[in-house]
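Going down the list, the sequences are from chains A and B. When the count follows the working numbering, it moves up by one through the first sequence with no breaks and lands on 1253 for the last residue. When the count follows the working numbering, it moves up by one through the second sequence with no breaks and lands on 1253 for the last residue.
There could be a bad hint or two in this list.
Stated by the list, open to error - 30 Å max Cα-Cα, derived DSS-like pairs, lysine-lysine:
1. A:K979 - B:K1178
2. A:K1072 - B:K1100
3. B:K1172 - B:K1155
4. B:K1022 - B:K985
5. B:K1203 - A:K979
6. A:K1006 - B:K985
7. A:K1100 - B:K1072
8. A:K1155 - A:K1203
Everything labelled a hint here was simulated from the structure, so no lab data went into it.
Here is how the chains run, residue by residue.
Number of protein chains: 2
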Amino acid sequence: MADRISLLRRRMQELNLSAFVISSLTHLRYLFGFSGSNGLGVITEEHQWLITDRRYREQVKHEVHHAEVHIIQQDLFEPIKKRKLFSKGMRVGFEALHLNFRDFSRLQKAFPDVRLAATEYVIEKLTISRLPEEIEHTRRACELARRVWETILPVIRPGMTELDLSAEISYHSKKLGSERDAFEPIVASGWRSALPHGIASRKTIEYGELVVIDFGCVYEGFCSDVTRTVMIGQPSEEQRRMYEAVKEANRRAIAAAKANIPGAELDRVARDYLKEQGYDKAFGHSLGHGLGLDVHSLPRISPVSKDRIPADSIITIEPGVYLPEIGGVRIEDDILVHNDGAEVLTDIDRELIIIE
Amino acid sequence: MADRISLLRRRMQELNLSAFVISSLTHLRYLFGFSGSNGLGVITEEHQWLITDRRYREQVKHEVHHAEVHIIQQDLFEPIKKRKLFSKGMRVGFEALHLNFRDFSRLQKAFPDVRLAATEYVIEKLTISRLPEEIEHTRRACELARRVWETILPVIRPGMTELDLSAEISYHSKKLGSERDAFEPIVASGWRSALPHGIASRKTIEYGELVVIDFGCVYEGFCSDVTRTVMIGQPSEEQRRMYEAVKEANRRAIAAAKANIPGAELDRVARDYLKEQGYDKAFGHSLGHGLGLDVHSLPRISPVSKDRIPADSIITIEPGVYLPEIGGVRIEDDILVHNDGAEVLTDIDRELIIIE
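Take these sequences, add in the hints, and give me the full structure.
In structure tokens:
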């Protein structure tokens, strides 16, 4: 993690920041290994601090090795004031996406004579191109997802509820070694499969329905994120056609992915194909997103993205077609982007599986 | 949910607000029934809006009945501008704890001539005293937790990992009807049980260890939150003494709880008793907290709380003792506060359970 702090210090120099305040819990884990639910990080040229409360007094001894730890009673900014870490006129960056207005006001009030600089995506951008061990962690998380899929597939049957299946996913995920669910699993069947983000409900899975199953595992904090769609009973012609179109859109996008491609261009590969197939209005979300400590991270892969996809980044490719009358299909893979192409990390079959 | 919106409008009048912008997802669920992951609510004297993105176009048709829905392409503030919902000089409240600095800046830029008013805990305070159906939902969530506990207790054995047990909790929780885990279950054994908030790890549960098990269920969005501590093998004298002290602190605090007691006074009942027993420094967190749509809600029950506990509120009582060399004990119940006392909703035995 010392590497990560060095990367951040270099970036701070480029941004002309003498100090950087970290309020995202995901970033505290990334920089310091801290997994608690309340904390603040501060990096200056000389210091690296983790500030947290008494509940974590013991935990930090085990988790945090690259920071000076300060335990507070109430106010996370207290040790900074007390030890005069910020001097007059100093330019101090903060995370505009991860600091709420209340804490921003407190920061401003506590340090009226420093120059606060709102920043966005500073640490997020550092993590887009992954260090080798970080790639390895995501690889493990993807491998766990593959094993979860193989374990739950035989369990899926009509008559079970979406929540039943979601319970099986979370259970086997942990039993196989995932730290937690990367996110609440999505299990959406029949009319609910046309909701791109419907988490599992008490609805029963029935014959004639498509079932969209979207879940992820976590290894050393790094996430995987995979979706497969199965058919309960024989598919109608339209259901089969939707499925094949999404599968081909997924294939084309993966084939097109390589370092430096603009996110919007990659999105277009899948979107144009689905449009040709008559599904342009049925694909109402982005093609994918970066995948790291957060499930949704940079780079963006959407029609309006201005990001390029760098080498050694890990992204999802997840085209979908959603028709309220018929249901939905989504097929999502995680890929590692190389200079000359991409490597699929979610090694799971993409042919339509029919469950009788 | 119409009741809840009326409550909010009344509160807005008291605060002299002509409009209120809601950015907390929990509050969007509370006011409108919306369970998506991106949205904004706006309440004015005449209008009630839910703004979200295309992914939720279908979902809102099923979930949202008490609001006009606006689907955006990119910017959640867009429909407000377009339809000129805010007029010049209007006082518009926002949630300072739930709006990040970036979105605050956007709001300010989009509406330079309205008067933005930072508010804290407006909706949180509306929900402290519960409506009858909300009490019923928490009651169901507590009943689910009781059934989960009865189901997992026979499964606990030395040799399993903390994650194995955590997997069982989440699994049975969903199978019994919980919408999701109220939070990632805490399973902390041996030295890890002295970490008040250590989530489950790959550590194996061994003979001679205390195991702190803290989990919660969710019913119609409302959470339960319960902790029991079990002993693997026969307890040492000190482990037994710790357990009995925490059990008695829990009992005394529950007996003292009634409407209008200050949160700090209730905290003191348990803290003073633990101090008498020589454990004053070993209880390093608050006695409890309000429990609702969020697991941690108002009122606060801690040494520095300035809140009173109103009638019809639901709170946790969770004293603990943590000794790094020996382990930890926490016993947590959820109680409904009445004028003349409190009713325990988590009807689970509190005697020390020894697993051989």
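Right, here's what the structure says about each hint:
Straight-line distance between C-alpha atoms of K979 of chain A and K1178 of chain B comes to about 24 Å, which keeps the hinted pair within the 30 Å bound. For the proposed pair K1072 of chain A and K1100 of chain B, the alpha carbon gap of about 13 Å is at most 30 Å, so the pair holds. In summary, the hint linking K1172 of chain B to K1155 of chain B is supported, as the alpha carbons are separated by about 23 Å, within the 30 Å threshold. Straight-line distance between C-alpha atoms of K1022 of chain B and K985 of chain B comes to about 29 Å, which keeps the hinted pair within the 30 Å bound.
Taken as a hint, the K1203 of chain B and K979 of chain A pair is honoured in the structure, with Cα atoms around 25 Å apart against an allowance of 30 Å. Proposed proximity of K1006 of chain A and K985 of chain B is supported: the alpha carbons are some 28 Å apart, at most 30 Å. A distance of roughly 13 Å separates the Cα atoms of K1100 of chain A and K1072 of chain B; the hinted pair therefore holds under the 30 Å criterion. Between K1155 of chain A and K1203 of chain A, the direct Cα distance comes to roughly 16 Å. Compliance with the 30 Å bound is thereby established for this hinted pair.
Consistency with the previously given hints is maintained throughout, with no hint failing.
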